[in-house]
Structure formats: C-alpha cells, structure tokens
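Sequences and hints are given; from them, build the entire structure.
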Amino acid sequence: MREIISNNELLYNYNHLKINNPNQIPEKIYIWDETLRDGEQTPGVNLSFEQKLDIAKLLDEIGVSVIAVGFPAVSESEKKIVNEIAKEKFRAKIAAPARAKISDIDDSLQCDIDEIPIFFPTSKLALKKVLNKDINESMKIVSKAIEYAVDHGVITDFVAMDASRTEFDMLLNFFHTAIDSGVNKIIIADTVGIMRPLAMSNLIKNLRENEIIKKSTTSIHAHNDFGLAVSNTLAGIEMGANFPHVCVNGYGERSGNASLEEMVLALEILYNKKTLKKEKIFELSKLVEEYFGLPISVHHPVTGFNSFCHESGLHVDAILRGGPETIEPFDPRIIGRQRHFYMGKFSGRKNIEWILDKLGIKANPEQVLKILYQVKSKDIRNSIKKSKELMNLFEEKINQTYRAFSALEFLKIVEEVTKQKISISKLTEYNEVI
Numbered sequence: 016m017r018e019i020i021s022n023n024e025l026l027y028n029y030n031h032l033k034i035n036n037p038n039q040i041p042e043k044i045y046i047w048d049e050t051l052r053d054g055e056q057t058p059g060v061n062l063s064f065e066q067k068l069d070i071a072k073l074l075d076e077i078g079v080s081v082i083a084v085g086f087p088a089v090s091e092s093e094k095k096i097v098n099e100i101a102k103e104k105f106r107a108k109i110a111a112p113a114r115a116k117i118s119d120i121d122d123s124l125q126c127d128i129d130e131i132p133i134f135f136p137t138s139k140l141a142l143k144k145v146l147n148k149d150i151n152e153s154m155k156i157v158s159k160a161i162e163y164a165v166d167h168g169v170i171t172d173f174v175a176m177d178a179s180r181t182e183f184d185m186l187l188n189f190f191h192t193a194i195d196s197g198v199n200k201i202i203i204a205d206t207v208g209i210m211r212p213l214a215m216s217n218l219i220k221n222l223r224e225n226e227i228i229k230k231s232t233t234s235i236h237a238h239n240d241f242g243l244a245v246s247n248t249l250a251g252i253e254m255g256a257n258f259p260h261v262c263v264n265g266y267g268e269r270s271g272n273a274s275l276e277e278m279v280l281a282l283e284i285l286y287n288k289k290t291l292k293k294e295k296i297f298e299l300s301k302l303v304e305e306y307f308g309l310p311i312s313v314h315h316p317v318t319g320f321n322s323f324c325h326e327s328g329l330h331v332d333a334i335l336r337g338g339p340e341t342i343e344p345f346d347p348r349i350i351g352r353q354r355h356f357y358m359g360k361f362s363g364r365k366n367i368e369w370i371l372d373k374l375g376i377k378a379n380p381e382q383v384l385k386i387l388y389q390v391k392s393k394d395i396r397n398s399i400k401k402s403k404e405l406m407n408l409f410e411e412k413i414n415q416t417y418r419a420f421s422a423l424e425f426l427k428i429v430e431e432v433t434k435q436k437i438s439i440s441k442l443t444e445y446n447e448v449i
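Residue numbers (the working numbering): 16 to 449.
Hints in this document: simulated from the structure, not taken from any laboratory. Just so we're clear, the structure is a prediction, and the values are computed from it rather than from any experiment. Some hints could be false.
Lysine-lysine pairs mimicking DSS-like chemistry, simulated, CA-CA at most 30 Å apart [what the hints assert, rightly or not]:
hint	residue 1	residue 2
1	K391	K365
2	K72	K94
3	K229	K155
4	K295	K43
5	K393	K373
6	K229	K295
7	K155	K116
8	K155	K72
9	K289	K33
10	K230	K159
11	K427	K412
12	K155	K230
13	K400	K377
Below is the structure:
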C-alpha cells in the first residue's frame, strides 16, 4: 500500500523569524478549561453528573491545568454535581466560580473545590446601569469577597468582567485592589468579544508593564462574537498572559469562547509551545459534541468533519506527490483522526488510484479513467426543493435536541403557579421571545 511521505523540511516558516516572536511570550503556558461552566451556559445545554464527570476525566487525562466544573450558586442540583466531581481524584485544579457575594463564595467553598474565580463587572456601564454602584463601593465589594475566600484557604482569582470596555486606569485600580487582597490570578474578560488582536495585545502589554501586575499570573477569557476569541487570546499570550481560558469546540455564551482544540494546536504548531497531550483531542471534541447535542460546523478548525477531507484531484495529487504539508497544516494523526479522500465532480485520477489501492483492487489506467468518467458524470446534486427539505429536517432535529426546557413544559409550570390558562397564541409568542 502506498504511503504518504512527509517533506516538512522543505518548507519555509515565517513564524520562526525572530521579528515575529515576541520576547514576552511565557516559557510555560497552562490551559484553563471552561467547557463545564461557560460551555454549559450554551442555551439549551444541560449536562448530567455522569456526562460532566466523563468530560472532566478526559480533560484531566490530556493535561488541562484548571477545570471549571460548574457554578454552585445556580441551583442545589448544580452545587451537588460540583461537589461530587470535586470528590474525584484529579491532577488538575478543580474550580467553581462565584460572584463577589459571600453567599456565592460559601456555595463554592462547600463543594470542596481547589480554586474560586470571583467575577465582578468593571465597566462604567455595568457599574452604573446594572449594579448601581460607584467605583469606591465596588472596590470594597471586590476586596471583601476576595479576602473572605483567601481567608478560607482556597486559591482565589479575580475575573474583571467587561474588562475590554473598562477605562485603563479604572481596570488597573480593580486589579491592584484584587492583588492587594490576595488573588492568585487576574483574568481579563472580553465579555462581549469586541476586542481586536492588536488592541488586546496592547492592553496586556500595558497592564504587565505595571510592576504589581507583572508579578501576578495573567489569564485571558475571550468570547467569539466576531470570530476573534482564539486570535485575541493568542495576542494576550504573546504579551505575557499564560493561563488562557478555553472551551472544547468553542462552545459557550452567544457565539462561544476560544476553542480548546484550536488553541492547543496553534500554540504547538505555530508557537512551538506544548500544552496538552494531543492524541485524544479529536476523541474529546466528539465526546463533548455528543453530550452537548450540538453538531459543530463541518468547517470547524482542527476537529470539523471537512478539516482533513479532500475531493479536489489537484489537492490529492499534491498530497501524494509532495506529502500532506502541501495542503494540510499538520498531520491529522497527531490528534487521533485520519484524512479522507472523497469522490465528486472535482475528483481526479489520483483519487481513484488511492482509494482502489486502499481497497486492494488492481485496475489498469484505462479502467481508472472509466471509473473517473462515471463518477464525474453522475448527477448527485440535490434539487432546490430537496435541499430545502433536508435543511428543514435538519433544523427540526437540532431544535428537538437543543432545547433543554421546552415551551410546553415552561408554560405548564406558569399555568400551575398563576392559575391562568395560556392560549396557543401565547405559545407562539413565547417561541418568538426565546
């Protein structure tokens, strides 16, 4: 059977140029995973204890440093799940967040976790319109909460929510207060995903030029509203942040968070920074996809269905002649998956020859061309009507798995509590609202 031979030594790499390698990049980078907390906040997702434990164990196995396993203050059932997971033996630190409220911190402490990231909004918009607090009062709240957690002997971090829309001096004051109160890590949250990579780079650079901040551990928690979560996190890492927050498959609020698989592969392939064991990245991605009930895009980097699939005869020929590096950024086998060559109207003779060779079938050049002709001649296109029917069916199936709490269930509870009968039209309005 013909093998695909690597020719990686022939490639030029601009990433290796000294000018493109900032000297602030940390020697060691640690992965903080938020799949079971921020990831589960994806609307419609509701994981069981067994599902969370399966995911946590696999995250731990591949070397994640911190695993946020849930938000205890949400409900008694969530608190119980977090507590049960914390009883297991992990190499990773088990974290559970809390608002800057003593009751929230107590909920997390009662779960016997290792680490509590305390979050508090820092932008003027949030302080004035959401919390109705002034800056001095807010600083006191943050300081009191952090000191309380630290006094209870737990690793404590401070998450500056909406940090990316907070004036620099104000943000600096929040971080100074947090550090003076005893936090282990400061976490810069781009809560609505509005930062550009250059802006994030400069923000982290300016923060870490401060002597107090420089001595602390810096984390980035980026959202993906403009598709820049991974880029912004990498920009922060280039300026000294060493605890990136990620979610498997990029799940999370709204458009999601920085993707674990993209982050890990980018750090290793583009920056030569090893973080996790890669061999089970694909397995992890598929497990989380199954448990979340949300199919990832076929074009999702690293683990998407099409990431290592080739139909074009030109591409297949290039891979067979020059090695996988001609078309692929890395060998898919390093993350536990395989490449695939597919048949279609863009296929060439090399596609046929490769597949026949894999099947152990011998065919002469004339037979190969006949097979190729028939493949290219076959009309496998869907009609517009058929395509629409398939998409409607797909959307219907997604909706069935996506809603953790149906409109009917919710309105039934409302009827029982309010003693008011709800019409079908209200059901339609409910669906429009949500």
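These are the hints, each one checked on the structure:
1. At roughly 14 Å between alpha-carbon atoms, K391 and K365 fall within 30 Å of each other, so this suggested pair holds.
2. With a C-alpha separation of about 19 Å, the suggested pair K72 and K94 falls inside the 30 Å cut-off, and the hint holds.
3. Using a Cα cut-off of 30 Å, the hinted pair K229 and K155 holds, with the two alpha carbons roughly 23 Å apart.
4. The suggested pairing of K295 with K43 holds, with an alpha-carbon distance near 21 Å, which does not exceed 30 Å.
5. Note on K393 and K373: the hinted pairing holds, with a Cα-Cα distance of about 23 Å set against a maximum of 30 Å.
6. Restraint check for K229 and K295: the C-alpha separation of about 34 Å exceeds 30 Å, so the hint is violated.
7. For the given pair, K155 sits about 12 Å from K116 by alpha-carbon distance, which is consistent with the 30 Å threshold.
8. Distance restraint check for K155 and K72: the Cα-Cα separation of roughly 38 Å exceeds the 30 Å cut-off, and the hinted pair is therefore not satisfied.
9. With a C-alpha separation of about 19 Å, the suggested pair K289 and K33 falls inside the 30 Å cut-off, and the hint holds.
10. Simply put, K230 and K159 have alpha-carbon atoms about 22 Å apart, close enough for the 30 Å limit, and the pair holds.
11. A distance of roughly 23 Å separates the Cα atoms of K427 and K412; the hinted pair therefore holds under the 30 Å criterion.
12. With a C-alpha separation of about 23 Å, the suggested pair K155 and K230 falls inside the 30 Å cut-off, and the hint holds.
13. For the suggested pair K400 and K377, the alpha carbons sit about 40 Å apart, so the restraint of at most 30 Å is broken.
When each numbered hint is compared with the structure, violations occur for hints 6, 8 and 13.
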